[in-house]
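Protein chains: 2
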Amino acid sequence: MQAVGLITEYNPLHNGHRYHLQRAQQLTGADCVVVVMSGNWLQRGEPAILDKWTRAKLALANGADLVIELPVFFAAQPAHLFARGGIELLSALNCTSVVFGAEHPELDFQRLTAAIAANQGDFSHYNATYATQFNSALQAATGVTLTAANDMLSFCYYTANQALAHPMRLVPIKRQQADHATTAIATGSSYASGTAVRQAAFDQNWGSLKSVVPTDTLTALTTQRLQRWADFWPFLQYQLLTVDIAHSGQYDQMAEGLEYRMQTMAQRATSFDDFIHQVKSKRYTYTRLQRVATAALLQLTQAEVQAAQAHNYLRVLGFTPKGQAYLHQVKKQLPLPLYTKINQKLRQHALNLDYRAGRVYQLINGQSQDLYRQPWQLPAIIG
Amino acid sequence: MQAVGLITEYNPLHNGHRYHLQRAQQLTGADCVVVVMSGNWLQRGEPAILDKWTRAKLALANGADLVIELPVFFAAQPAHLFARGGIELLSALNCTSVVFGAEHPELDFQRLTAAIAANQGDFSHYNATYATQFNSALQAATGVTLTAANDMLSFCYYTANQALAHPMRLVPIKRQQADHATTAIATGSSYASGTAVRQAAFDQNWGSLKSVVPTDTLTALTTQRLQRWADFWPFLQYQLLTVDIAHSGQYDQMAEGLEYRMQTMAQRATSFDDFIHQVKSKRYTYTRLQRVATAALLQLTQAEVQAAQAHNYLRVLGFTPKGQAYLHQVKKQLPLPLYTKINQKLRQHALNLDYRAGRVYQLINGQSQDLYRQPWQLPAIIG
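Which chain is which? The protein sequence lines are A and B, in order. Under the numbering used here, the first residue of the first sequence carries the number 18, and numbering increases by one thereafter. Under the numbering used here, the first residue of the second sequence carries the number 18, and numbering increases by one thereafter.
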């Protein structure tokens, strides 16, 4: 059996994702579709609208054969680390190829990556001007600038893949909708951006959602407790008001002095949006600030995140019979630990950060995220 | 002018407290009644039912001339430290005498204190058997056992007072109701325990309260957002779920290994009462556990509490003209800093722990506890 890999968030799974799953299988002729998916906290530093179990099940029902959780210490990180964590897991599972959406799949990412390979070290710091620095180097070396989010991410996949002893085949495909951040659902369209889908879900605009998400996504959105930053704002505010300022300075991705600004604004702000808006300055993007807020909420320090990143693992969220067969095939040569159930030892040690991230998420929806959970075993839906 | 001092919590102020204020003045013939009062967090490790400003105003309206806040690092502490902090402030204000309620004011506290003065060091540790150890030493030395809460506290006042270069005159008086913890309000009685008053207030049993609290206390109880531990449980649970276990081990009054037990129970518990009940064991009293929970909620470490205890201060919450005149009289020779307004520097440094304690309290009632607040200036009501 050969496998194709996808790196995803499914926030929530919509028709564009379903197309991606189908195309990935068609383009590669793979026997098994492996999906690495962010858990409850996402790359843009926000909680997932639906929890990781719900989203994993939707993935299995819409074309995935095996769903692996991208640990929070890679998921809620800048693009290059998000990409590194995902590529590492797909490679560990011996995937032959990786298929991902880009705004401009026609770009020669291989060449672009090679052109500034020497600069890589310079961009691996957490700082506000990462994208700017990166693009000015890229522009100088190649004349190309990457402004679209998924082009950037594609570049990061190439970079991470090049670092492997045995790189996989990378297959960028055209995304179904051009603008990732479009907030409206066009009448008659089968596709909408994640942002538009989430907005419609929070607005309970079920009619407009029907045409752009699979039926089971719609069911999940109408029946589950949808989550967003506003739900966690009381906890974040409380945390920033009580934490010792020296300690908050150690939170992951916190910039020099930003902890003081965050503490001051936590005193004044009346909502999460108000808070982020007040903390915002030219130095930091909203996404960066949201990731810092996530680290603060989960009390993730830079030291523990970096230590965890050196010990990636394969946490199985679910599989179809095909996924199970594939897992059985690769199981004996896995270079990373494979976890299907979480016991107390895992909770306290190897999986501690994911457990913490899930436990905080669970404060709102009341659904256990790790304890007593075991991987979904779903019948294959597509063939 | 001469002053008599009281050490109080007023949770909330009831007729017993009013009697205490009047008797203190009558017994000593003092010109000014100085009250040291816990702020928003109390000796039993719980939030006050009404905030410190509301309670200070009630004190001024019912016989106090000057109200000083007992800082949280003395207020939410075992009896001997609570007593030490209070006595230190009254002595700093040059009070001539201190009047307090005891179950058995006829006891020769002076003799009891002297009898086990040599043992004092042994009881100053935070451990579950403090009262037991203390009483066995006292029993051995004097044949007396102190079981009632206010007898114990009286003993602590004597001990703290003896440590002063110029001890004040201590005047124990009989409390108006024998049992501090009685939860019912007896029909026709003008007095009830604090526990009974709080219970009636949370039950909105205004009719029964009318006879046992002053009118302005009743008004405050019916119009303000009443607070209790249940309000803060979501924050405490969140904190215990996310904090690094090595850090929670440093919280004030945390016993060896108790942090693990608290973390485990925070996962399971469904309410604050459930949590404390599950954490409870023979080693710890409920009061002790509530104080640890308060430290965890406010993220107070033992190191910062101990450092703060070495730098007590006089935070003024309000005064009558008499209190103001008295303050003017003693102002020039105060051995401790006097604070009437809180600026940013105080908030970040000297008053940081009180500010934090107030800011968390404020999360529930929405009333600023430090910023933009200045001492009440009330006309004298009695005297």
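Just so you know, these hints were derived from the structure itself, not from any lab. Because the structure is a prediction, the values reported are computed rather than measured. Treat each hint with caution, since some may be false.
Any copy will do: because identical chains look the same in the list, a pair fits if it lies in one copy or spans two.
Simulated pairs of lysine-lysine, BS3-like, Cα-Cα distance not exceeding 30 angstroms [to be verified]: (1) K349 x K227; (2) K349 x K191; (3) K74 x K191; (4) K227 x K299; (5) K297 x K362; (6) K297 x K348; (7) K299 x K339; (8) K362 x K299; (9) K74 x K297; (10) K297 x K349; (11) K299 x K349; (12) K339 x K358; (13) K227 x K297.
Against the structure, the hints:
In this assembly of identical chains, K349 and K227 lie within 30 angstroms of each other by CA distance neither inside one copy nor across copies; the values are 43 angstroms within and 76 angstroms between. Taking the shortest Cα distances, K349 and K191 never come within 30 angstroms of each other, neither inside one copy (35 angstroms) nor across copies (78 angstroms). In this assembly of identical chains, K74 and K191 lie within 30 angstroms of each other by CA distance solely inside one copy; the values are 25 angstroms within and 68 angstroms between copies. For the homomeric pair K227 and K299, neither the shortest alpha-carbon distance inside one copy (39 angstroms) nor that between copies (58 angstroms) is at most 30 angstroms.
When the C-alpha separation of K297 and K362 is checked against a cutoff of 30 angstroms, the pair qualifies only between copies, where the shortest distance is 24 angstroms, while the shortest distance within a copy is 40 angstroms. Taking the shortest Cα distances, K297 and K348 never come within 30 angstroms of each other, neither inside one copy (46 angstroms) nor across copies (45 angstroms). Within a single copy, K299 and K339 get their C-alpha atoms no closer than 49 angstroms, and across copies no closer than 54 angstroms, so neither meets the 30 angstroms cut-off. In this homomeric assembly, K362 and K299 come within 30 angstroms of each other (Cα to Cα) only across copies, at 27 angstroms, whereas the closest approach inside a single copy is 43 angstroms.
For the identical chains of this complex, K74 and K297 are neighbours neither inside a copy (36 angstroms) nor across copies (40 angstroms), given an alpha-carbon limit of 30 angstroms. When the C-alpha separation of K297 and K349 is checked against a cutoff of 30 angstroms, the pair qualifies neither within a copy, at 48 angstroms, nor between copies, at 47 angstroms. For a Cα distance limit of 30 angstroms, the shortest separation of K299 from K349 qualifies neither inside one copy, at 50 angstroms, nor across copies, at 50 angstroms. For a Cα distance limit of 30 angstroms, the shortest separation of K339 from K358 inside one copy, 20 angstroms, qualifies, whereas the shortest one across copies, 69 angstroms, does not.
Taking the closest pair of Cα atoms, K227 and K297 never come within 30 angstroms of each other, the shortest separation being 36 angstroms inside a single copy and 52 angstroms across copies.
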